[in-house]
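As given, the protein sequences belong to chains A and B, one line each in that order. For what it's worth, my numbering labels the leading residue of the first sequence as 1, then goes sequentially. For what it's worth, my numbering labels the leading residue of the second sequence as 1, then goes sequentially.
Everything labelled a hint here was simulated from the structure, so no lab data went into it. Built from N, CA and C at the ideal position, the CB exists for glycine as well. Do not take every clue at face value.
[Stated by the list, open to error] As a list, the in silico PhoX-like pairs of lysine-lysine whose alpha-carbon atoms are at most 20 Å apart: (1) LYS627(A) - LYS150(B); (2) LYS257(B) - LYS723(A); (3) LYS443(B) - LYS413(B); (4) LYS723(A) - LYS305(B); (5) LYS270(B) - LYS613(A); (6) LYS150(B) - LYS220(B); (7) LYS723(A) - LYS300(B); (8) LYS624(A) - LYS257(B); (9) LYS429(A) - LYS624(A); (10) LYS372(B) - LYS723(A); (11) LYS305(B) - LYS220(B); (12) LYS331(A) - LYS379(A); (13) LYS604(A) - LYS270(B); (14) LYS239(A) - LYS266(A); (15) LYS329(B) - LYS723(A); (16) LYS388(A) - LYS291(A); (17) LYS329(B) - LYS602(A).
[Claimed, not checked] Now the in silico label distances, taken between C-beta atoms and shown as ranges: (18) THR629(A) - GLY471(B): 25 to 35 Å; (19) GLN132(B) - SER702(A): 57 to 67 Å; (20) LYS426(A) - GLN197(B): 35 to 45 Å; (21) ASP447(B) - GLU730(A): 35 to 45 Å; (22) PRO387(B) - LEU615(A): 49 to 59 Å; (23) PHE327(A) - PRO387(B): 37 to 47 Å; (24) GLY219(B) - GLU437(A): 30 to 40 Å; (25) ASP447(B) - THR629(A): 46 to 56 Å.
[Unchecked claim] Computed footprint of chain A on chain B; a stretch qualifies when at least three of its residues, placed anywhere within it, have a C-beta under 8 Å from a C-beta of chain A: (26) 151-165; (27) 259-268; (28) 384-394.
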Amino acid sequence: MADLNALIRKVSWQLSVIGFLKCLMLAASGYMILCAILDTQTSLNLLFALTIFCFAIWIFRVYQSSKSKAVNLIHRYVNVSEYSLELYQKSDLNFAEQLQLARIDSQMSKAEFPHLKLYNDLKLYFGVMGVAVIFYFGIPFLPKTITEKKVTALNLRPIKAKAISAAPELTSATIRIVSPSYTGIPERSSDEMNITAISGSQIVWEIALTNSYDVTLKLSNTRGEEVAFRRVNENFIYKDRLTGSGLYAIKGYRNGILSYESEFYKMEAIPDEPVKIEPASRELYQYHLLKDDKKLRVSASMSDDFKVKQSFIVATVARGSGENVKFREVKFPLFPTDFKKARVEKTIDLNQLGFAPGDELYYYWAAIDNKQPMANFSKSDTYFLVYKDTAQIEESELATMAVNLVPEYFRSQRQIIIDTEKLLAKEKKLSKKEFNEISNEIGFDQKVLRLRYGQYLGEEFETNIGGGPLGGESNADGAGIIDAFTHHSDGHGEGAGGQAPEPEHHHGNESKVASKDPLAALMEQYVHNHDDGEANTFYEQSTRSLLKMALEQMWQSELHLRIYEPKQALPFEYKALEYLKSAQQKARTYVKKSGYDPPPIKEKEKRLTGEMKDLSADLTLSRKYEKSTTAVLAAEILGYLDHQITRGKLPANIQFAAGTLSQRLVQNVPFNGMQNWAGLKILQKMMSGKELNVLEINQLKSWLYRKTDRDISNRQDYLSAEKLEQVFREQLR
Amino acid sequence: MINIDFDWSETVSQAILSLLILLLIAYFWIVFRKPEATRASRFWVKFCLHILLWLSLLGLVLKPYVVRTAKTGTALIFGNEVPSAFSDQITDSLQAAEILSINKPGFSQIDTLVVVGEDFPQSFFERIMLSQCQPQCMQWIPFEQTGHIKNLNWKGILRQGEIQRIAGSLNENKKGLLKLKYGNAFIDSVLVRSGRQVFNFAFPAFSNGRTLMTLELNGKTTDTIRFYSRKLESLKIRFLLDSPDFETRTLASWLGKNGHSVDYVSSLSKNMVSEVKINDSGEPDILIVDPQNLGKDLDKKYLEKGKSILVLNLGDLSTDINAINKSFKTHFQVKANIKDSTKNTSETTLPYHFVLTGSQISLSKFPVTAEKKSGMIAVSLLNQTYPMILSGDSLAYSKVWCEIMAGLRPVTKSNIDIQSPVYQYIDKNMILNNFGPMPDFLKVGQDSIFLGPSAINPRTSTATLRAGKSGWVSFVDSLELYVEAKSESRFKSAYMADFLRKYEVYQSELQYSKTTDKAPVRTSKKEMPEWVWFSLILCALLAIWIEEKI
């Protein structure tokens, strides 16, 4: 009896499981069919499946006890049960029933129940599920038209909802970069969308998208120009040559509507650099003398980022002078060729070139690299070699001799300043005696200089210049020294007019010439030196006074140097230099003015008195700068970045500012390179309505901050009571 | 003097008292009803003990207290965050002061309360205000934790291009670097030495809207600074020149490109004037003239209206400066620069400089000086600035002219001066100036705040804001103000400062009323605690019981 009960329970349990399985299979089939039709996997499909499941449970009554059904099945499949199993359900049995039960019990222990038959019902559901599985996995492989027809026939969803739910997504992207063959760089592939390659490389994009049916994929640049990808099976391929730097994005269109847009990626073209030539010689201008070797040895190191194809020297010999100059150009190919880096040497045989005295040779290094189709050409500076013709002495050289004296003098004053400063710097290291000696020597130099200028102004020369030996023979207490070098203007000392007797003038006395300064002697041959120096020097009045002032400063400077006070002498030295410089400028101006001197224009009379009858009276122009500056746009965007940026909800003014700024900077990429790329990328992301993380916001902030105007353009002020302010201002004064 | 606070008028009180009297009668009746009891040897002992018991019960009910004239003294109270080392240091220096507990402070014996630190529970402030015997004076010793920035303040709302100043103090025990950061960019930084110090950052506001900056001490973010930078109105500028020249034309073009409206008028010939209008100008804010156009009625009319005048292209300085001074009654003086041969001479400016008087200000590092009248009168000794822009250094050009234009800009409208941080539930004063007709109230978020006119300036009003909502709140029309939440770490310090300020006002008002009314005597209340009464009852019961047993 116990066996029989166990059998009933077992069958009943199996029936429940089978019912549950049927429900599950129906729900799964429904889900898969819906997924296949809608082409998406959303929670809506799951809800649909759940509904089917619940409905099936209700239909199959899985929640009800299946004991009676189990008994019926046992009756059907086990004959020995004799349709008497209901007796088990009864509590009060009569005698006949008890006997029947005992009989069945004994028979049933030998009988076997065909459990497998219970599962026969499942075949149908397996079939349904099989169809659903085929539908689910098979529908993407069906031709589009069939799919569309099915969708239309089923008419499950409106078209709009379908388009939204089935937006394409990027699954994989492969970039293949084939560098130009001459570079020798192997082909490479990567999934990095930011491309950096040698200019001229071939780029192949291979993009795979989900839900890509009916999608047209395009490569878009920042100006909105687009080129379409080619569809190969499920992938999109585009091939092009890299010619310049810029940004690009990939856009997918379905029925003309933008359904996929990537962020912006950079595309950087690295140019093939021309050959770098570094000649060994730094001297561009050289003289060649008669005694020099006639074989000129030159060398240079050359390198290229790929290969130097050919290098050569181009030499030009110039002969003749004036209008009769002839040029001859010779090109010397150099070896080795086809190298990456090498030191190239060449010996130029000057005899072979016919290089003669008075000729000039110009030569430069040149090289081409292996770039294709057009090689890069580069050349070095031009070197000059001048064959010195000692037979000719130009008159101009003589002429400049006298003129060159002036700058030399100016240098001397500067030299005195330099020496004084040097002495002051070394003051601590030197002993007092050494210090005094050097100071005295500089004082001596100052005196020499003063006397040289003096001679320009018609003052007397001194051959025996200088304050005598150090320690002073003239006066033991040193007061004599000071007096000797003080340019007194208060009626004492040398400078006092009339008090110090003028040294005697000895013109025309040949014996005195020997005692003169040799320079003065030389000068005497060129300058017309009359008795009255004041009247016969070549300087205009202002120049003369300037030189005099310079001499006065030199006096003072010399004084301090002689009494070992170089620090006090320095300001006078500077002043002297300044006056000398001014005198030099004056002299130049004088020469300039020596030509035509136009009569002065009477400005007040002439101005605004021109003939005006043919002129238009309407001289009003109107201009408008409608574009905001980059700083204004950047400031506007920055002011928004601390708002909670929500996806796809950028205010119109910010969208406009970001768009304008982005477009402006993108157009500058060819000029400014990729320096703005990182910031632009985030800006584009913000514009496309995507959320930015904290790192991106901070990066964008610092990038835009550099573009803002950071000058003070407003001082905080308050409008106050006018009278009160007026009184305050009066009191302040 | 013994006082009782028992409410005789209340029925419950009357009932309790009646019961107590009944108890006394019943009690004596029970104890002394037998005549032999009164004759017992220890009758008076027993009697006294019973009286004591009853009195203890009465004391428990009535709770009598003694009122005395209050003593004066100083008390110290320490905030939760104050470490023992710091509190010991303060206690040592104020040895006479009584130290109060933060949880149950008594203020009866003190007239000066020294509060150390800022972390006090809300109940502390309530206790002070509810105390019958409040300290007359409260002093605050803030506790500055190492590495924490205190007294941080900045402008809550300002215009673009206006100088933002961020100041604060810091107590640090090691050398370091305090940086002001915007995004990843460093705006400014100061070296931090060990010890207490104040710092100050100043930079022109560059954004147009909400701005968030951070302060980083040794690479660690310590504070966040939020302010609103409002758009700066563009200027209307009129050039009135005797002849067009490259310098002014470049300036006009630069101004136009920067969004300002320019009207460039220059004489070409007799009765022939060229006019270039850039960005549709209206009545000018700034008039730029050359010395030949000085002294016209137009100039003075503009000046009276509070507009500014800039005189440039000076030729003969002594004549031109005299003409300017005569026309506008100004006091400009120039002096030739001392030639220094070691320095390179610049062609940008004339070789002169201004001798400034009290009412004059220098507008730039270059010799451009302004004197305030109703508007500004400025004189420029700039000679050629256009080479800067031609050589590509537009930043330097922009810096020079931005500074000058900033000084000449007439007073802007709707000025708001509010110092940040503004905290939730803490009063904040603000000043409003030049609002045209001053409104009666302002709208801040969902609230309205009323304005009070200033006594000395009819164009200024003041208002007090007490924000109930934290975060960015809309302010006036299109502006925003950041209100720091109550939960911010800086809040406690601000709350304490606000409380002390208000308490001082409150006490001074009290003092004022004391001088006008009859001054109450400052007293202190001494009450016996309840446990003493309970102990007395127990002791009396025990004594009665023992007395029976003996």
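Notebook entry, point to check: Which hint numbers does the structure go against, in order from smallest to largest?
Noted result: 1, 2, 9, 11, 17, 22, 24, 25 and 28
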